[in-house]
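Novice: All chains should be built: construct the whole structure from the sequences, respecting the hints.
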Amino acid sequence: MERGNQTGTGNFILLRFTDHCDLQSLFFGLLLSMYLVTVLGNLLIILTTISDSHLHMPMYFFLSNLSLADIGFTSTTVHKALRNIQTQNRVITYAGCISQIYFFCSVWMPGQFALDSDDL
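Residue 438 in the numbering used here is what sits at position 75 of the sequence shown, and the numbering runs on without skipping anything.
Treat the hints with caution; some may be incorrect.
[Stated by the list, open to error] Derived Cβ-Cβ restraints for the label pairs, each shown as a range:
(1) 404 / 459: 47 to 57 Å
(2) 419 / 385: 46 to 56 Å
(3) 461 / 404: 22 to 32 Å
(4) 383 / 411: 33 to 43 Å
Simulated from the structure, these hints should not be mistaken for lab results. None of the values given here were measured: they were computed from a predicted structure. The C-beta atom is built at its ideal place from N, Cα and C for all residues, glycine as well.
Specialist: The structure is reproduced here in structure tokens:
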């Protein structure tokens, strides 16, 4: 019995925005600043909701949960892009890809269930 090629790779190659070094540093700065604004803005929403007793209502509770989910979404995906731009490394391992998908879905699912339970 003849066997085919059994070689495999455990890595994926990620595409870059550009190959120019000066543009990569510009993309890094833009992506980092957008990430910081997103995280700090969502933290501000959460802290405001927690600190003010007039905001302890269901609408603000769900707004805080959405802010926390947004922090989880951006922290799951953006850190890998920032690291790839900084280190010039375009490879993500299969285990790294699966773990990133797992954490992305674990942040997404509770919010989806909370929104779907509103229809019940």
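Novice: Check each numbered hint against the structure and report the violated ones by number, ascending.
Specialist: 1
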